[in-house]
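Student: Using the supplied hints, reconstruct the complex from the two chains, each of which is provided in its own coordinate frame.
From first to last, the protein sequence lines stand for chains A and U. Letter by letter, the first sequence follows residues 1 to 237 of the numbering used here. Letter by letter, the second sequence follows residues 1 to 234 of the numbering used here.
Simulated from the structure, these hints should not be mistaken for lab results. Idealized CB from N, CA, C, for every residue including glycine. A hint or two may mislead.
Claimed, not checked - Now the in silico label distances, taken between C-beta atoms and shown as ranges:
id, chain 1, residue 1, chain 2, residue 2, range
1, A, G164, U, M214, 56 to 62 Å
2, U, W5, A, V131, 45 to 51 Å
3, U, L79, A, G102, 46 to 52 Å
4, U, A68, A, V131, 37 to 43 Å
5, U, V62, A, T71, 34 to 40 Å
6, A, L125, U, L27, 41 to 47 Å
7, U, L225, A, Q82, 15 to 21 Å
8, U, T196, A, V131, 47 to 53 Å
9, U, L61, A, L125, 14 to 20 Å
10, A, L125, U, L79, 39 to 45 Å
To be verified - Which residues of chain U face chain A? A partial, calculated answer using Cβ under 7 Å:
id, residue
11, T99
12, S136
13, L149
14, D151
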Amino acid sequence: MTQLLPLVLQNATARYRRTTVVGPIDLTVDGTGITVVLGPNGSGKTSLLRMMHGTARLAGGSVTWACDMATARANQAFVFQQPIMLRRSVLENLAYPLRLRGLNKSKALDQAADWADRVGLGAILTRPAPVLSGGEQQKLALARALITAPSLVFLDEPCAALDGKATREIETILTEALAAGTRLVLTTHDMGQARRLADDVIFLLRGKIHEHGCTKLFFDHPKTSEARAFLKGDIVE
Amino acid sequence: MGDLWLGIWQACVLVASADADLIEISLRSLQVTLTALVLASFLAFPLAALLTVRRFRSRRLVIAVLNALMGLPPVVVGLLVYVLLSRAGPFGVLGLLFTPTAMIIAQVIIIVPLIASVAHQSLRDLWHDYHDLLISLNVTQWQKMRTLLWDARRALLTAALAGFGRAMGEVGAIMIVGGNIDHATRVLTTAIALETGRGDFALALALGFVLIAMTVLINLAIHWLGRTEREGRW
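Isolated chain U (complex conformation) (with noise of 0.2 Å):
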C-alpha cells in the first residue's frame, strides 16, 4: 500500500513540477499513438464500410480472420515489424528501426483490425436499417460506404476510441521495434516497464497515472468535441 500512496504523490509532485522528462515521454506517447490511430482509421473505416455493403465470395473469412486478428500478440507483431525494419530485413534500407516511425508502423499493425471490427459490427447494423432505402435510391457502392460512415460517426468515435486505448497501453512491440531509448522512442508504457524492472515501483506507479489520467482525458476530450449522445437517439 506504501508503494501506491508513494505513486499517487510523485505523480502529483511530478505534474506540479512539470518534469521535463514526464513531459517528453508523455507528448511522444501522445504523438505515437495519435499518429497511430489516425492512420489506423483511415485505413479502417472504408475496410469496415467495404466489408458492410460489398458481397464478395470470401467475405465471411476475412470478417472472421479480422476478427480473430483483434487478438493479436503485441509482441509477436513486434518480432515481425523487427525482422522487416532490421538491417537484414526487406524495409532496413529506410532506417526505421529504434525510431518512433518503426513504433507507429507496429501500433497500426495492432489496432487496424481491433478498429475496423468494432466499426464493422456499428456499419452492419446501420446497414440492415438503411439497406432498403439506399438500394431503393439506386445509390453506387461508394456512396453507401460514404453515406453510412457519416451517419456511424459517432459509433466510429467509439471503435477509434477503442483503438486508441489499446495504442496507448500498448507495451510489448513497440519496446521490441522502439527500443526505449532516452530521448528518442521512450514513452509512458515502456518507461513504466524500465522502472518496474529497476525496482522503482513508486515511479513506475506515478508513470501510470499519468498514463490513466491522459487516457481518461483524451477520451473525454473526443466524446465532448464528438458530442457523443447530444443529438437525439444516435
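In isolation and in its complexed conformation, chain A is listed as follows (with noise of 0.2 Å):
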C-alpha cells in the first residue's frame, strides 16, 4: 500500500457561507486502527471528513500528506451517508472504480464479482443498484470503495439508518478490510459501535476538537464536561 499517513492538520478551517463550520483544527492521523470522531449533530464531523479527504475547500490551514496530493487523492475512498449509486448494476457499480483507473472490462468486471461475493450482494449482481435497500445499498458503497485498495478510507455514519444485523455486516467488512491494512476513520452517532470498532476517539463540538485520545480513557475518563454529559447522553449544543 502507498504511504499516505501521517495526515496532519494545522489550523485547518473550514467554511460554509461565510461561517466557519470546522477549526481551527490541529489534527495527526497516523498508524494502523479505527479513529472514530464523536460529537452532536452540527458539531462539524461531516466537514471534518471532507477537509481531510480533500472535497471541502480550505478555508484556512492546510492539509498535508506523506505524499504528493494526487498520490493521496488516489490512494484514498470516501463513503457516505446517503450512498450514492450509479444507475447502473451492482457488478457495474463495484467495477466503475477499477474502470477509471483502466483496468480492462473483463477484469474490472471479475474483480466487482469478487468483491460482491465477499459483501454478499453475489446474488444480485445483475440487479439495479438504486433499488435495492438501505443496507444493500450501504455494503455497495462500502465494497466500490474498498475495490482499489485504498490506503485510508473515510466513511461518515455508514451505519446510519441500519438494523442490528445489517450494522453488524457493515462492521464485518470495516474489520477486514482493517485487517488488509486500510485505515479507516469514521463519524457515528452510535457510541456502542464506536466502543465496538475504535482505536482512539475525536470528540468535536462547535468545530473544534474537544478531546482525542485512546477509546478507553475517552470513554472511561473523559476529560472535559461536554464530553462527560456527551457521553451521559445529555444534549450537549
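Tutor: Spelled out as C-alpha cells, the structure:
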C-alpha cells in the first residue's frame, strides 16, 4: 500500500456561507486502526472528514500528506452517509472505480464479482443499484470504496438508519478491511459502535476538537464536562 | 369533415398501393431528419455534458442563450442558411443550396439547442446526485461527462426524440433552403404545404396522416430499442 500517512491538519478551517463550520483544527492521523469521530449534530464531523479527504475547500490552514496530493487522492476513498448509487447494476457499480483506473472491462467485472461475493451481494449482481435496500446500498458503497485497495477510507456514519444485522455486516467488512491494512476514519452517533471499533476517538464540538485520545480513556475518563455530558446522553450543543 | 375522411381513405390507398412518389418523399424525409438528428445529437450531448460539469464565467449566460434558441424561428434559420449557401454567400462555392444537405444543415441548427437544453436538464439532475461521489473518486472532466452521458442515456433518448419530432415536422426552413424540388428535395412536410396551396386538401391530409404515422412508429421503435421504462427506476 502507498504510504499516505501521517495526515497532518494545521489550523485547518472550513467555512460554509461565511460561517466557520470546522476549525481551526490541528490534528495528525497516523499509524493503523480506526479513528472514530464523535459529536452532536452540527458539530462539524462531516465537514472534518471532507476537509481531510480534500472535497471541502479549506478556508485557512493546511492539510498535508506524506506523499503528493495526487497520490494521496488516488489512494483514499470516502463512503457517504447516504450511499450514492450510479444508475447501473451492482456489478457495474463495483467495477466503476476500477474502470476509471484503466483496468480492462473483463478484469474489472471479475474483481467486482469477487467483491460482491465477499460482501454478500453475489446473488444480486445484475440488479439495478438504486433499487437495493438501504443496507445493501451501504454494503455496495463500502465494497466500491474498498475495491481499489485504498490506504485510507473515510466513512460518514456508515451505519446510520441500518438495523442491527446490517450494522454487524458492515462492521465485519470494516474489520476485514482493517486486517488488510486499510486505515479507517469514521463518524458515528452510535456509542456502542464507537466502543466496538475505535482505537482512538475524536470528540468534536462546535467545530473544534474537544478531546482526542484512546477509546478506553475517552469512555472511562472523559476530560471535559461536555464530553462527560455527551457520554451520559445529555443534550450537548 | 368530408376532406378528413377522404384524407384518411386516400392515405390508406397511398400506403396500400405503395405509391412510388409517397415512398420517395417519405424516405427522403427520414433520410434528412435522421441524418440531422444524428449530427445534432453528436453536437448537443457533449455540449450539454460540458455545461453540466464545467464551471466558467459565462456558463449561465450560455445556458440561457441555449434555452432561448429553442424558440428559434425556423424561417429565419432557413433564410440565414440560404444567405450563407447562396452563390454570393461565403459557402456558395460548395453548391449546397437546394440539396438535401442544405436541409440537413438547417435542421441541425434548429434542433441542436432543443436537444442540448432538454439533455442539460436531465444531466444537471443526475450531476446533482453524482457530484459528491465523482468528486470523491477524483475523476477527470472527460470521465465525468462520459459517466453522465452513459447513465442518463434513456433521458437523452427523450431529448433526441424531441429533436426528431421538431425536425420531422419542420417545413419553413427546409422549404427555403431545399426549394421543394420534385425528385430532389421534396419531403413530406413541403409536399403537404404544396398540396394545400394547390387546394388538394385530401391529398395534403393523406400525406399528413402518413407523416404522423411515421413519427409515431419511429418513436415507438426507438423506445422499444432503448428499452425505456424496463430496468428498475431509470
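Student: Indicate, hint by hint, whether the structure satisfies it.
Tutor: Verification of the hints:
1. G164/A - M214/U: 56 to 62 Å: Given range 56 to 62 Å: holds, Cβ gap about 59 Å.
2. W5/U - V131/A: 45 to 51 Å: 49 Å, holds
3. L79/U - G102/A: 46 to 52 Å: 50 Å, holds
4. A68/U - V131/A: 37 to 43 Å: 38 Å, holds
5. V62/U - T71/A: 34 to 40 Å: The hinted range 34 to 40 Å holds for V62/U and T71/A, with Cβ atoms some 36 Å apart.
6. L125/A - L27/U: 41 to 47 Å: 44 Å, holds
7. L225/U - Q82/A: 15 to 21 Å: 34 Å, violated
8. T196/U - V131/A: 47 to 53 Å: 51 Å, holds
9. L61/U - L125/A: 14 to 20 Å: 45 Å, violated
10. L125/A - L79/U: 39 to 45 Å: 56 Å, violated
11. T99: With a minimum Cβ separation of about 42 Å from chain A (threshold 7 Å), the hint on T99/U is violated.
12. S136: The hint holds - S136/U has a Cβ within 7 Å of chain A, the shortest such distance being about 4 Å.
13. L149: Violated, about 12 Å.
14. D151: 4 Å, holds
Violation of the numbered hints given earlier is confined to hints 7, 9, 10, 11 and 13; the remaining hints are satisfied by the structure.
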